[in-house]
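Sequences and hints are given; from them, build the entire structure.
2 protein chains.
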Amino acid sequence: MTTYRARQPHSRNDLGNFYEARSVAVIGTFRDGWFGGSVSIKSLLNAGYEGLIYPINPTYKEVHGLRVYSRVSDVPGSIDLAIIMINVRRVPQVLRECAEKGVKAVIVVADGFAERDQGGALLQREIVDIAERTGLRIIGPNTAGIVNTANGLNMCPYDAGYYKLRKGSVAICAQTGMTNPQAFPYRDLRFGVSKICDFGNKCDVDECDLLEYLGGDPETHVISMYLESISNGRRFLEIASRVALRKPVLLLKSGRTREGARASASHTGSLALNDDIFEAACKQAGVLRLERFNDLFEMPKMFAYQPLPEGNRMGIITITGGVGVLSIDEGSKYGLVISSLSPRTKGTLNAIFPNLGEVPVDIGPPAASVRDFSSRYPEIFSAVLADEHVDCLFNILWVDPVGGLIEEYETAFKRMKEAYRKPVVTWLYGPDRVRVDEMRERMEGLGFPVFPDPETSIRALGMALTFKNLAGRSS
Amino acid sequence: MTTYRARQPHSRNDLGNFYEARSVAVIGTFRDGWFGGSVSIKSLLNAGYEGLIYPINPTYKEVHGLRVYSRVSDVPGSIDLAIIMINVRRVPQVLRECAEKGVKAVIVVADGFAERDQGGALLQREIVDIAERTGLRIIGPNTAGIVNTANGLNMCPYDAGYYKLRKGSVAICAQTGMTNPQAFPYRDLRFGVSKICDFGNKCDVDECDLLEYLGGDPETHVISMYLESISNGRRFLEIASRVALRKPVLLLKSGRTREGARASASHTGSLALNDDIFEAACKQAGVLRLERFNDLFEMPKMFAYQPLPEGNRMGIITITGGVGVLSIDEGSKYGLVISSLSPRTKGTLNAIFPNLGEVPVDIGPPAASVRDFSSRYPEIFSAVLADEHVDCLFNILWVDPVGGLIEEYETAFKRMKEAYRKPVVTWLYGPDRVRVDEMRERMEGLGFPVFPDPETSIRALGMALTFKNLAGRSS
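Listed in order, the protein sequences are those of chains D and F.
Under our numbering, the first sequence has 31 at position 31, and the numbering climbs by one with no breaks.
Throughout, our numbering is defined as the position within the second sequence, counted from one, plus 1000.
These are computed hints drawn from the structure, not numbers from a lab.
Just so you know, these numbers come straight off a predicted model, no measurement behind them.
Cβ coordinates follow ideal geometry from the N, Cα and C atoms, glycine included.
It cannot be assumed that every hint is accurate.
Lysine-lysine pairs mimicking DSSO-like chemistry, simulated, CA-CA at most 27 Å apart [unchecked claim]:
no., chain 1, residue 1, chain 2, residue 2
1, F, Lys1247, F, Lys1468
2, F, Lys1333, D, Lys333
3, D, Lys283, D, Lys247
4, D, Lys414, D, Lys283
5, F, Lys1247, F, Lys1061
6, D, Lys414, D, Lys333
7, F, Lys1283, D, Lys333
8, F, Lys1283, F, Lys1164
9, F, Lys1333, D, Lys283
Between beta-carbon pairs, the in silico distance windows are [unchecked claim]:
no., chain 1, residue 1, chain 2, residue 2, range
10, D, Ser375, F, Lys1167, 19 to 27 Å
11, F, Leu1122, D, Ser340, 47 to 55 Å
12, F, Arg1344, D, Gly447, 27 to 35 Å
13, D, Gly216, F, Arg1344, 37 to 45 Å
Structure representation (C-alpha cells):
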C-alpha cells in the first residue's frame, strides 16, 4: 500500500458524501462473475439501497433492470458518489468527468497505482491533483470499497455471496480489503456492523479522516481498525485521543518489528514509526492495540454487547483446572487479578460441593459427582457473579458431546443475563465441533460473547478494563 | 496442580507398563453417564483394545458383557495397568491391593488430593509412599488418563463421543485434561495421534519420564506438551536436549509472567522458574516454545506432514496484498525473510501478468482479470515453489463463496504435491465458513496444512525452520 499525500487535511470532514450518498454511479464492466459492476449493483439492490443507482458503461444498455448510461455526463440527475472499477490508465480521465459532473466522492477500486510501480505512482499523483483542484474526495485507489449497513450502501466490487449485513454498532476499517464482506464471514458474527471501509492506498481519505467521521457517527459505538502505515501520526493520535474517550478505538498496526517497519516504510514512503514510541503514544491517546489479525473481529464483541467492568478483579468459573495459570499470565498483562470470594459466597459454594468456594471455581468435581448438577449450575454462576469482590467473569464450559446440557445451560444463562451487569467472557470446548458451535451461537444469541481460546477470552476482559479506566479518566 | 515428588527418578523408564499394557483393571462405578468405569470400558472396546479387561466393583456382576470382579485380588490373571476412578479417600487402600496383586502401573483419576487442601496433600503423600515402597508407578492423581492409538488403549474416564482416534505420529501430553479426547475435537484434526497423556498432579510419573519414553517411542515423531510447572528443570532440559535433536519438542509453558509464575509456584510448591532463564535454557536445549493454547494442536501439523525448509527464505503467494507487512513482522521473530525471485521465475510470472514476479506474489489482480486464471494458478504456484531462492511458502487463498474453484484448486494442489519437497503453509479466508472448511479439509487431505490466521501460518514455518537449524547443528 502506498501513501501519497501532499495536501493539508480538509478542514471539513465530508465523508458523509460517501456513506450517506443518495445517488451513486457504478462505473465498470457488467459481465457476470465475482468482481465488477454487475456484482456491485446486485449487492446494492439486494441490500435494500434506496438511493438512485446509475450504471455507467458505453457498451451496455441495461443491467439488473437498470438503464446503463454511456458516461457520467449523460446522467440526468446529480451524483453523490461514484465507484470506479476500470483499468488504471483510464481512471484519471473518468475522474475528471466525475469532477465536471459535480460528483463529490469517488471510490477508486482499480489497482496498479503507487503500490505497483513508478508509472502507477505518477497516475496516483495525477488523481490526487484532480482531487485537490476540484474538491472531489477519493477513497483508494486499490480498495475493496465501503459499506453502510444503515442504508444498504454496499459499494464493493466483490461478490460476498450475501448482501444484507446485520446492522449494529461496530465499524470495521482497514488498509486492506481483508476485512470487507467478500473476505470475512460477517454472517457468522453475532455483532452487527455500522460501517466498513478499505482505505486502499489512502491517496486522499485516510485513517484520520475516517476516525474523525466515525467518532461523530451516531451508529458507530466501537471502531476496529487495521493499519500498515499511518499517514500523519500526530493528527492520528490527536483525533484518536478525542474519539477514544467516547468509543473504543481498537487498532491492529503491523510493522511492529524492525523488519516489518522497514517494509512498511519502503512501501509507503512514510517515515517508519518506532513502534515503542507509537505504543506509548497509543496508550496516552487511549487507543487499544490489538495483537492478532483475528482480534479485529473478536474484540469488538466485548464492547458491542457487554457492560464494562467496574474494577480489575476477575472471577473464574471453570470445568477444568488446567487453564488457571495461563489465565493469570494473560490477565496480568492488563492488570487483571484473580479475585477472592466473600465469606458469604464461599459458604454458598461450599454447601453445594466441598471446596467449591475457591477461585478458580472448579465445577469439574461437582459436575462429575453431583447428580442434579445442571440445575445447581445457575446458583453457582449467580453466586460468583453477584459477589462484591468480582468485577468480571471468565467462564469456561465443556460442551457435552452426547448429552442434552446445551438447552439447560441456555435456560440458565437466559435467567442470569437479566440479573447482573458485569461482563462475562466464555470459552467453550468439547470433542464435537458442531455442538460447540451450536452452544456458541446460543450463548452469543443471549449476549454472552464466546471466544476461540482462553487467551483471547482474557484479552477481551483486559481490553474492556483498559477502556473503562480510560473512560474513568475523562469523567 | 500440585507436585509432590520426594524420590529420585527411576533409573529404568518403565512407562511401557502404561502404554503397552496387555491387561487392564478398570476400578470404579459402572453407572451410565459421561464419566467413570462404564465409559472407560466402552471406550476400550470401541477402540479395538485387544488386551484383557477386568472391571472391578463389588456391587456389579457384569458390564458391557464383561464379568465384574469384586476386587483386584479376585482377578485370575496378572494385571499390567489399573485405572482408579473412586473417591479420593478410598484410593490408598485400593492402591495397596493393586500393589499386592502385582499391578505395575496405575492411573489415579480421582481428584481431591494435593490440588485440593492439606488433607488431600497427606493422601497424596500416602500414595507416593505406596508407590515408592512397592515399585508401582502412578500417573496422576487428578488425571484424565492416557491413550495409545496403536493398541486401542483408551484409558480415559470421560466419554468423548468417539473412540477410534486416527493413528499417527503426534504425542500430546499436558498437565491438564484439556488436551484429552473428551475435551478436544480430535476427529477434526488431520494429523494422527500416537500417545496422549494428562499428567495430573504428577505425584510420580512426570513430564521428564514421559519425554524420555516418547523420545524412544518409534510411533512418536512429534511431541506437543503443556506444562504449568516443571518438576525438575535440570533433568527436563537434559532429556529434552537429547530428544529434541531427533523429534520436535513443542512446549507451551504457562507461568510466563511474574504473576503467573507466582501462582504456579504456590500451587506446586516447586521453585518458581524465572521465565527468561527458562526461555534461554529451552533455546539451548532445542525445545520449541509455543505461544498459545491452540498451538498445541496447530503446530504439530507442520511437523506431521510437511518437509523441513532448507533455509530461511519465505515466498508468499497471496490473493490479497493486505498481510504482507504483518507476515514480515511475524516471520522476523523466527529469522524468516521474504525471498526475492530469480530472473527466470520473474520472467515466467511477468509473462502471465504484469508485475506478478514480485514477492509477495499478488495473484489478486490476475485473478480479477485473467479469464483462464484457475488454469494458470498451478503454473504460478509451481514457478514460485521451484525457485532456488525460495525455501518455504506462505500461501494465501480466497475461497470463492459461489464459484466452483475448490475442485480446480484441489486438482492443482494434487499435482503440485508430487513435484516439490518444500514446506507450504496455507491460510484460507472467505465469506462462507462452510466452504472455507471444505477447502481446508481437502487441502489438509492432500497434506497441505491450513492454519486459522496469518500469524499462526507464519509461526508454523518459523518453528519448522528453528527445528531444521537444530537438526543441522547435531549432524
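The hints, checked one at a time:
Among the hinted pairs, lysine 1247 of chain F with lysine 1468 of chain F is consistent with the structure: their alpha-carbon atoms are about 11 Å apart, no more than 27 Å. With a C-alpha separation of about 20 Å, the suggested pairing of lysine 1333 of chain F with lysine 333 of chain D holds against the 27 Å cut-off. Simply put, lysine 283 of chain D and lysine 247 of chain D have alpha-carbon atoms about 15 Å apart, close enough for the 27 Å limit, and the pair holds. Straight-line distance between C-alpha atoms of lysine 414 of chain D and lysine 283 of chain D comes to about 36 Å, which puts the hinted pair past the 27 Å bound.
Note on lysine 1247 of chain F and lysine 1061 of chain F: the hinted pairing is violated, with a Cα-Cα distance of about 46 Å set against a maximum of 27 Å. Our distance criterion of 27 Å between C-alpha atoms is broken by lysine 414 of chain D and lysine 333 of chain D, whose separation comes to about 32 Å. Between lysine 1283 of chain F and lysine 333 of chain D the CA atoms are separated by roughly 24 Å; this keeps the pair inside 27 Å, and the hint holds. Distance check on the hinted pair: lysine 1283 of chain F and lysine 1164 of chain F sit about 36 Å apart at the alpha-carbon level, beyond 27 Å; violated.
With a CA separation close to 24 Å, the supplied pair lysine 1333 of chain F and lysine 283 of chain D stays within the 27 Å bound. Against the hinted window of 19 to 27 Å, the Cβ-Cβ separation of serine 375 of chain D and lysine 1167 of chain F comes to about 41 Å, which falls outside the hint. Between leucine 1122 of chain F and serine 340 of chain D, the C-beta spacing of about 25 Å breaks the proposed range 47 to 55 Å. At roughly 57 Å, the beta carbons of arginine 1344 of chain F and glycine 447 of chain D sit outside the given window of 27 to 35 Å.
With their beta carbons about 54 Å apart, glycine 216 of chain D and arginine 1344 of chain F fall outside the hinted range of 37 to 45 Å.
The structure fails to meet hints 4, 5, 6, 8, 10, 11, 12 and 13 from the earlier list, while all remaining hints are met.
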